[in-house]
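S.K.: Residue numbers (the numbering used here), protein chains in the order written: chain A, 1 to 566; chain B, 1 to 566.
Treat the hints with care, as some may be off.
Covered stretches of chain A (chain B as the covering partner; in silico rule of three or more C-beta atoms under 8 Å from a C-beta of chain B) [what the hints assert, rightly or not]:
hint	stretch
1	18–27
2	53–60
3	219–230
4	257–268
Because the hints were derived from the structure by calculation, they are not lab data. Owing to the predicted nature of the structure, the values given are computational and were not obtained by experimental measurement. The beta carbon of each residue, even a glycine, is placed where N, CA and C say it ideally should be.
Number of protein chains: 2
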Amino acid sequence: MTKIVDDPETFASAALAGFSRVYGRYVRLVKGGVVRATAVPRGKVSVIVGGGSGHYPAFAGYVGPGMADAAVAGEIFASPSTAAVARVCRNADYGGGIILGFGNYAGDVLNFGVAAERLRAEGINVRIVTVTDDVASAPADSHLQRRGIAGDFVVFKVAGAAAESGLAIDDVERVTRLANARTFSFGVAFGGCTLPGATEPLFTVPKGMMALGLGIHGEPGIRDARIVPAGELAKLLVETVLTERPAGARRAAVLLNGLGATKYEELFVLWGAVESQLQAAGVDLIAPEVGEYVTSLDMQGCSLTVMWLDEELERYWLAPCDTPVFRRGETFATEPAAFKADADDEAPTFGPASGASRESARCLAGILDTMVSVLSEAEAELGRIDAFAGDGDHGQGMRRGANAARDAINQAVASGAGAKSALAAAGDAWADRAGGTSGAIWGLLLRSWSSAFADDTAVGDADVVRGARLALDDVMRLGGARLGDKTLVDAFLPFVAALETARKDGLSLKEAWHKASITCDEAAQATAPLTPRLGRARPLAERSIGHPDAGAVSLALIAKAIAARL
Amino acid sequence: MTKIVDDPETFASAALAGFSRVYGRYVRLVKGGVVRATAVPRGKVSVIVGGGSGHYPAFAGYVGPGMADAAVAGEIFASPSTAAVARVCRNADYGGGIILGFGNYAGDVLNFGVAAERLRAEGINVRIVTVTDDVASAPADSHLQRRGIAGDFVVFKVAGAAAESGLAIDDVERVTRLANARTFSFGVAFGGCTLPGATEPLFTVPKGMMALGLGIHGEPGIRDARIVPAGELAKLLVETVLTERPAGARRAAVLLNGLGATKYEELFVLWGAVESQLQAAGVDLIAPEVGEYVTSLDMQGCSLTVMWLDEELERYWLAPCDTPVFRRGETFATEPAAFKADADDEAPTFGPASGASRESARCLAGILDTMVSVLSEAEAELGRIDAFAGDGDHGQGMRRGANAARDAINQAVASGAGAKSALAAAGDAWADRAGGTSGAIWGLLLRSWSSAFADDTAVGDADVVRGARLALDDVMRLGGARLGDKTLVDAFLPFVAALETARKDGLSLKEAWHKASITCDEAAQATAPLTPRLGRARPLAERSIGHPDAGAVSLALIAKAIAARL
Chain A
1 MTKIVDDPET FASAALAGFS RVYGRYVRLV KGGVVRATAV PRGKVSVIVG GGSGHYPAFA
61 GYVGPGMADA AVAGEIFASP STAAVARVCR NADYGGGIIL GFGNYAGDVL NFGVAAERLR
121 AEGINVRIVT VTDDVASAPA DSHLQRRGIA GDFVVFKVAG AAAESGLAID DVERVTRLAN
181 ARTFSFGVAF GGCTLPGATE PLFTVPKGMM ALGLGIHGEP GIRDARIVPA GELAKLLVET
241 VLTERPAGAR RAAVLLNGLG ATKYEELFVL WGAVESQLQA AGVDLIAPEV GEYVTSLDMQ
301 GCSLTVMWLD EELERYWLAP CDTPVFRRGE TFATEPAAFK ADADDEAPTF GPASGASRES
361 ARCLAGILDT MVSVLSEAEA ELGRIDAFAG DGDHGQGMRR GANAARDAIN QAVASGAGAK
421 SALAAAGDAW ADRAGGTSGA IWGLLLRSWS SAFADDTAVG DADVVRGARL ALDDVMRLGG
481 ARLGDKTLVD AFLPFVAALE TARKDGLSLK EAWHKASITC DEAAQATAPL TPRLGRARPL
541 AERSIGHPDA GAVSLALIAK AIAARL
Chain B
1 MTKIVDDPET FASAALAGFS RVYGRYVRLV KGGVVRATAV PRGKVSVIVG GGSGHYPAFA
61 GYVGPGMADA AVAGEIFASP STAAVARVCR NADYGGGIIL GFGNYAGDVL NFGVAAERLR
121 AEGINVRIVT VTDDVASAPA DSHLQRRGIA GDFVVFKVAG AAAESGLAID DVERVTRLAN
181 ARTFSFGVAF GGCTLPGATE PLFTVPKGMM ALGLGIHGEP GIRDARIVPA GELAKLLVET
241 VLTERPAGAR RAAVLLNGLG ATKYEELFVL WGAVESQLQA AGVDLIAPEV GEYVTSLDMQ
301 GCSLTVMWLD EELERYWLAP CDTPVFRRGE TFATEPAAFK ADADDEAPTF GPASGASRES
361 ARCLAGILDT MVSVLSEAEA ELGRIDAFAG DGDHGQGMRR GANAARDAIN QAVASGAGAK
421 SALAAAGDAW ADRAGGTSGA IWGLLLRSWS SAFADDTAVG DADVVRGARL ALDDVMRLGG
481 ARLGDKTLVD AFLPFVAALE TARKDGLSLK EAWHKASITC DEAAQATAPL TPRLGRARPL
541 AERSIGHPDA GAVSLALIAK AIAARL
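Okay, chain A solo, but in the shape it has when bound (with noise of 0.2 Å):
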């Protein structure tokens, strides 16, 4: 449990910039992540990682030459924000392109996708490649869909060290994609892990008791098992992840990693058992690390990786590298970068706007002043019920978000910004602040919505409808949710649907609003399911059974407070 804090809701930022400090000779902190802070020849390829906080030395550990460019940051187990990826890569582009690393969860799928486009747009070549190491967490027919553990630091050094030997975007993609797809991994976990500023744990596990497969978050696992001694936990890893040993594969890359309260010499007690196991097995160890590489905050267990090597991935895998956690072989000219002032964010400057359009920005601003009203009375309430399934950070997050976005949009007004660029304004800054999947989905909401209005119209009804289905099908496509998936979405769809229904019906805006809140709300209870789903065992999962999902219910009382508004 986290016993050494001041602020926990500055808890991961203030982590980053005590490492910074530390390591001052690798990295340079910017906004939301560090960067190296030595010398890179122009041209090379960027590799650029990152994900939530609190896996420590994930991911900012592993900037330096040989492996990463740069880590982004989000918070403690959530997704930094699309601005702060973007941010990040803009102060790690060398003009070789970007690989942007970091492990399949559905908030940095958003974010860093999001990201990826806004990159895009600037000009440079930006690739992505999830990791998707951990078995436990989908069939072996569906690799690319498992959840990325600590496969990560395999899969981001050969990627390093590709990109360090001069390798071209195209080849580092394809060098990084190859050594995910031979890249497996298992866990099991004893005991829980606490959020900085919690009383208690995130989840526990019965006494006694090891949950397999249990994700780095506390994702559900396979099932629970007695703990079992150091030799039969071998063997568990070592079977599970050999099941789906390439045929031939016979020389590998091997982790045992700590989630963090499993100390080192435990690792090597177990090492003894994992290495005579994989011996027995034929396999030839290249390498192999024991210790702390992915982590969970103070989550007691383990996990083994294996990545099978060919001749390619080998040389990857072994060649030098030097960062605040892992050096290998010779050391590098270690010449200070001669920074530029960082890449920040450029303020929001406005075009020009007429007076019927600042008019509708004044009108969406005050929209934006009930939805703080609501989030922030909702605040308590929303959290209890994400606490069901989750972290219990949601009303907090969509307070925070909220409050940036009426910010953004009074100053946007203020600037004279028209009805798109002051919603959009708003977005951008919602999704900043918020972090985080929803901190992601609201920005992209807001933004897409503001794409149906314009800075020299005033906003019409037609234009509201419209911008509500362009936000649905944004959310949908960039999100990846489908109706019933516990998600936003299963009250956002029905919303959208009924307002489009009403108006065709011929009712107001107003009328339509208020008849789409009501559908709103009521898909919102519903997506409380009645019985558990998914045949999940975890009781993370079984305490979810008969809450309804946390998102859902605060787009709810925002459609509902606004139904009241117009």
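Start from chain A and add chain B according to the hints.
M.R.: Just chain B now, with coordinates in the frame of chain A:
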């Protein structure tokens, strides 16, 4: 809490073996420790460090060019045996002499000290430097009486660099002592740690509280205080450590050390404030380190260490080194060493012995049999008594030691050894197999007692009494315990005195021993004080009130059992 374990009794050696397999490039496993696997120039001074296990990366993780030449590893939190220290030293002796470095704990002082005497007798130039950095453990005017905690790391780093630079042993010793004299640490603990195989922690810290100055094995600290925010904790650590800042000292090596279950993110949060406050106090931070360097299994907590540098210390602090856990600067050529076969302890050989002395040896073997019986019966009870003040392993250690001694004396008798050699062999086996302080004490006790005997004559009654006095003298001299310290001495001294008096009064050996064993038992029971001593405020110490010392009790049990047999 330790979850990955096969046999708790072999946990420490299994961890060391696994470590050696991962880091075969750096170290080679020998019985009781590891030695450098890379070539070392002939004539270099060896820096050999060690202590109990459970402190990883202390001490095996420090072995490599630029730092230690070997590390000796005892059982968890228990000193390595004299034989293990001597054996590891013989395997890492390059002809330039040996600096033995370890933290200042009674068991280590005893075992390393006795080993040093043996090695000197073999012609090896051995110097001892104990690390005494914990300001909480003794006042400023008693620096050399303090415990060693995370200061081990910085002092050994300097010692290793000095030796690597080619200094002769006098200078390496001088530099190492200087480093220790200028090193100050202070730590806090938020929670206890649990021994492998145990279900309850060794000690606990009340919820919401932190123990100031608590030792790395749970030894009492100064006081408990409420947990404070990171900024205030930094202030407490910095102010306490700076109290003993030498006049004019400005440049410092600084280490913020995690005790095992305090995560890196927390240490980085704390570091931000520590660095700022040290800078505000006018300290120039030279290559500071933040991380786990000396741990205590899964104890939660951290410590701050400052080593005040002069030109010479700074040079050695910054010198390159390459070990499993710590690399600095350019790398070393890592040519594997050409190994001779392990310099293992020679199997004991016995000189000629008379029939009468061999008969006495058989009689002594019978007494060892009796000791094994009584200690096997009492194992659980001795463990229970020990658990009130210690870690509850006294019964286990005594049983293990007595068994090894019995086996050794039987082997000696079968080889035709006389009484003196047979009992000496029993003592050596006890010390080597039981480990810890009580193992060392009993090994010494038997060996010293044997020095009153001879291999060419039978053991007379007067020899037995004289042997008892010699054993008492050596135990007090080398063990450093005085009457009233609540150790075995509190029972052994009255036993020897009573034995001598009774013999002077004309009683037979059997009668005198019987009388002395009753005195011994009474004295052992009287080691249970009725009120707390030393003003200790920790729950651990409170629990020891009213319970006798386990070492004294086991001595009395043995004395009584022998009385019944004589």
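S.K.: Count the residues of the stretch 53–60 of chain A with a beta-carbon closer than 8 Å to any beta-carbon of chain B: does the count reach three?
M.R.: With 4 residues closer than 8 Å to chain B, the stretch 53–60 of chain A meets the three-residue bar; holds.
S.K.: Verify this for me: three or more residues of the stretch 257–268 of chain A with a beta carbon less than 8 Å from a beta carbon of chain B.
M.R.: holds (count 9)
S.K.: How does the stretch 219–230 of chain A fare against chain B when you require at least three residues with a CB closer than 8 Å, holds or violated?
M.R.: Three-residue rule met by the stretch 219–230 of chain A, so holds; n is 3.
S.K.: Please count how many residues of the stretch 18–27 of chain A have a CB within 8 Å of a CB from chain B and say whether that reaches 3.
M.R.: holds (count 4)
Of the numbered hints listed earlier, not one is contradicted by the structure.
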